[in-house]
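J.: Same order as they appear, the protein sequences are chains W and S. Everything in the first sequence is counted per the working numbering, starting at 1 for the first residue and increasing by one. Everything in the second sequence is counted per the working numbering, starting at 1 for the first residue and increasing by one.
Because the hints were derived from the structure by calculation, they are not lab data. Positions of the beta carbon are idealized from the N, C-alpha and C atoms, including for glycine. One thing to keep in mind: the hints can contain errors.
To be verified - If you want the footprint, here are the derived chain S segments under chain W, 3+ residues with CB under 8 Å:
{"#": "1", "stretch": "54 to 67"}
{"#": "2", "stretch": "85 to 97"}
{"#": "3", "stretch": "114 to 128"}
{"#": "4", "stretch": "163 to 177"}
{"#": "5", "stretch": "354 to 362"}
{"#": "6", "stretch": "417 to 424"}
What the hints assert, rightly or not - Mimicking DSS-like on lysine-lysine, the simulated pairs with C-alpha atoms at most 30 Å apart in a straight line are:
{"#": "7", "chain 1": "W", "residue 1": "111", "chain 2": "S", "residue 2": "353"}
{"#": "8", "chain 1": "W", "residue 1": "111", "chain 2": "S", "residue 2": "389"}
{"#": "9", "chain 1": "S", "residue 1": "428", "chain 2": "W", "residue 2": "119"}
{"#": "10", "chain 1": "W", "residue 1": "186", "chain 2": "W", "residue 2": "288"}
{"#": "11", "chain 1": "S", "residue 1": "389", "chain 2": "W", "residue 2": "288"}
{"#": "12", "chain 1": "W", "residue 1": "117", "chain 2": "S", "residue 2": "428"}
{"#": "13", "chain 1": "S", "residue 1": "218", "chain 2": "W", "residue 2": "48"}
{"#": "14", "chain 1": "W", "residue 1": "111", "chain 2": "S", "residue 2": "218"}
{"#": "15", "chain 1": "S", "residue 1": "210", "chain 2": "W", "residue 2": "111"}
Single-letter residue listing:
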Amino acid sequence: MPFESLSAVTLGNIYIGLLGLAVLLYAVLDGYDLGVGVLFPPHNEQFKDDMIASIGPYWDANETWLVLAVGILLIAFPEAHSEILQTLYLPATFMLLGLILRGVSFDFRAKVAQTSKPKWDTCFKYGSLLTTLSQGYMLGIWVTGLRTDICAQGFALLAAFGVTAAYAFIGACWLILKTEGELQAKAFTWAKRCLYVLAGGIGAVSALNLLLHSEVRALWLDSPLGLVLMTIPVACFGLLILCGLVLKKLPEAEGKGEWLPFAIALLVFVLCFGAFGVSYYPYVVPGKLTIMDAVSDANSLRFLLVGAVVVVPCILAYTVLVYRIFAGKSEKLSYY
Amino acid sequence: MDVFLLSRLQFALNISFHILFPTITMALGWFLFYFKFRSNLSGHPVWMRIYRFWVRVFALTFALGVVSGVTMSFQFGTNWPGFMEKAGNVAGPLLGYEVLTAFFLEATFLGIMLFGMRRVPNWLHTLATLVVAVGTTLSAFWILSLNSWMQTPQGHEVVDGIIYAKDWSAIIFNPSFPYRFTHMMLASGLTASFLIAGLSAYRLSIGDDKIAPKLALKTATYTAAVLIPLQIFAGDLHGLNTLEHQPQKVAAMEGVWETEKGAPLLLFAIPDEASRDNHFEIGIPNLASFILTHDTAGEIKGLNEFAGEHPPVAPVFYSFRVMVGMGMLMLFSAWLGAFYLYRQGALPDWLSKVFIGMSFSGWVATLAGWYVTEVGRQPYLVSGVLATKDAVTSLPPANIALSFSLYLVIYAVLLVAYVHTLRLMCRKSVGIEEIARDDPETPSRNKMDVATK
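Here chain W stands alone, though its shape is the one from the complex:
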């Protein structure tokens, strides 16, 4: 078998890396389309059609990153997978119901009679919201090491709002990039509002994070590495401030640099994600289960790695291809 020379430790690290990549790509990609769903205005038909059009060709593939992430967790770290999903049974169920509702509303709203369209629009908005809140809540509980006491619940609720704000923010940035005119102007307003909430959320979650785990506190505050690591939050808030400035200037820039807010949002996601990664490595469940405790049989991991090495670059390549094909302002969705 190929990769015979890779030890279980190396394989564990490779798979945690792949898992990280899948989660990050999911958060960014499905993040913006969930965010667009959260921002869905109840009463403006034109906005709604244009917003759907901006995410129409992408959402199916975006959601597949979640399937890959949960798949890798299941394949490489089965024990962590069952522990996480059993503790988070109800939030996971609500997330799935949300995903079902929003996913089908996409298609139903375009095909049903005009009179029942508003019903599916409502399903789309609140399905998206249910999904983002559940995901944030799950992230929060996971960070606490799957605790279920009242403090952990409080933290998870905060994370639920934080994640929703983050998704709404990147969703608004996506709309700035993909739409024009009135809707784009509205997207600027949304992005500005979300920016404040997001900055507050990141600050609060980071601070509480330090209180939750002594190991994390030691790493960030007491170790020599801490100083280097501090560049992450500094860079993060620097970017948020920059984004605020960009959002002020852009409306007068006549279409130039419309990609900037989305790019900044992307970087902010990467930085936040990196901070989580650094804080909790080598744990799969913080404080509870390490990569090596949970990693599955090396032979199975080697077998799948052969495929992953060949296929993942292909997936990334044709994903880029699709984004290039649909580059520029989104058009009215039509099947031909």
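We have chain W; now place chain S onto it with these hints.
T.: Frame of chain W; chain S shown alone:
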């Protein structure tokens, strides 16, 4: 109710709802490629009109398949943690390959297929249609490989209760896999054919007098007429394979309680698990033995040889009859339909009604078939290796009761909405003028139009 029963019910509900949609899209993807191919070849606009109608059906069906599939991917961890902890070394990589090689392919190229026609050259759009069809087939390949391995496991070893993979090609190409894959692909072909035929017949019946539904009806009916005998043949081979590897399942399918020679083929009976025999048997003498052993006096092992190790009889027994009955109905209607369409170019009124009624007949047969094979595997999750009850979660039953009820409600609503929306799409299509739809902007967008004329 206990956790075990609730988890089984929830899994059955999720997978039953999920399979409805891939069963359509797997074959509908190939139909779409065929329509697109014919359009490229002939340049006749009617093929593109058929394509446009059915690509919308595909989009809706695919969306339902995706969202219910995401739910499936969570079920293993939430309700059956023992499955992944004990069989994960085999099941994990197969699921992983499904996601990597199939899911991304179909989901990504779907975007081009649905919305990219104006943005990409025609060849790329045709290619995207092909890639989506290949993607759906690939995902069937991996998931059926895993399911077949659970039925007829090989290529693994068990150490301390944990399953380890030894030989991947033996695992992937396990004994029941070729049969199950063929059987399922044909089932998908029939489901899509009857859906296309049924909805096209419906469109004609409400006064849609265009060429497109007539041509779609013909294409689908002829396809069904060819596929159904193949399916009966493949099903028979699959049955023989099951007899070899899972005789207890066949005994339950045939309702054979005691090992017997010259077993009758039971057309009807009420199996009684308590008294371990059948009531009200109506059978054809010796026929079951003849079908299964090709000898009228052949011996069929009875359920008595598998005490405590065989599936519940009644659900397997009834489901099998529903599947076979539906298959027979498909055979007669498809052949009659093909006969009339070939001879007279149209269906008689009564047969048209039969076709409309059978629009979703593929669902009934497919579900019944899956119940036979899945219930027939009980009490095991992985035949002879891992018992179903050893894999279940230890969550409080109330949690599962809640999620189960929520799924039940949402799935019921979605199923009604789906069927209703298909009907509405048919009705809307009536009002669309044939000529107006022929893409006035670029009359010969297909370069091949010119070339073939």
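J.: Evaluate each hint against the coordinates.
T.: The hints, checked one at a time:
Check result for the stretch 54 to 67 of chain S against chain W: holds, 9 residues qualifying (beta carbon to beta carbon below 8 Å, three or more required). Given as covered by chain W, the stretch 85 to 97 of chain S passes the check, having 9 residues with a CB less than 8 Å from a CB of that chain where 3 are the minimum. With 7 residues bearing a CB less than 8 Å from a CB of chain W, the stretch 114 to 128 of chain S meets the requirement of three and the coverage assertion stands. Interface restraint, the stretch 163 to 177 of chain S with chain W: holds (3 residues with C-beta to C-beta distance below 8 Å; minimum three).
For the stretch 354 to 362 of chain S, the stated coverage by chain W is not satisfied: 0 residues place a CB nearer than 8 Å to a CB of that chain, which falls below the threshold of 3. Note: the stretch 417 to 424 of chain S has 3 residues with beta-carbon separation from chain W under 8 Å; the three-residue rule is met and the coverage holds. Between residue 111 of chain W and residue 353 of chain S, the direct Cα distance comes to roughly 25 Å. Compliance with the 30 Å bound is thereby established for this hinted pair. Pair hint residue 111 of chain W plus residue 389 of chain S does not hold up; C-alpha atoms about 43 Å apart against a cutoff of 30 Å.
Distance check on the hinted pair: residue 428 of chain S and residue 119 of chain W sit about 20 Å apart at the alpha-carbon level, within 30 Å; holds. The straight-line distance between the Cα atoms of residue 186 of chain W and residue 288 of chain W is roughly 45 Å, outside the 30 Å bound, and the hint therefore fails. The hinted pair formed by residue 389 of chain S and residue 288 of chain W meets the criterion: a straight-line CA distance of about 27 Å does not exceed 30 Å. Taking the CA atoms of residue 117 of chain W and residue 428 of chain S, the gap is about 15 Å. The hint holds against a cut of 30 Å.
For the hint pairing residue 218 of chain S with residue 48 of chain W, the CA-to-CA distance comes to about 39 Å; that exceeds 30 Å, so the pair is violated. Between the alpha carbons of residue 111 of chain W and residue 218 of chain S the distance comes to roughly 26 Å, so the proposed pair stays at or under 30 Å and holds. Our distance criterion of 30 Å between C-alpha atoms is met by residue 210 of chain S and residue 111 of chain W, whose separation comes to about 21 Å.
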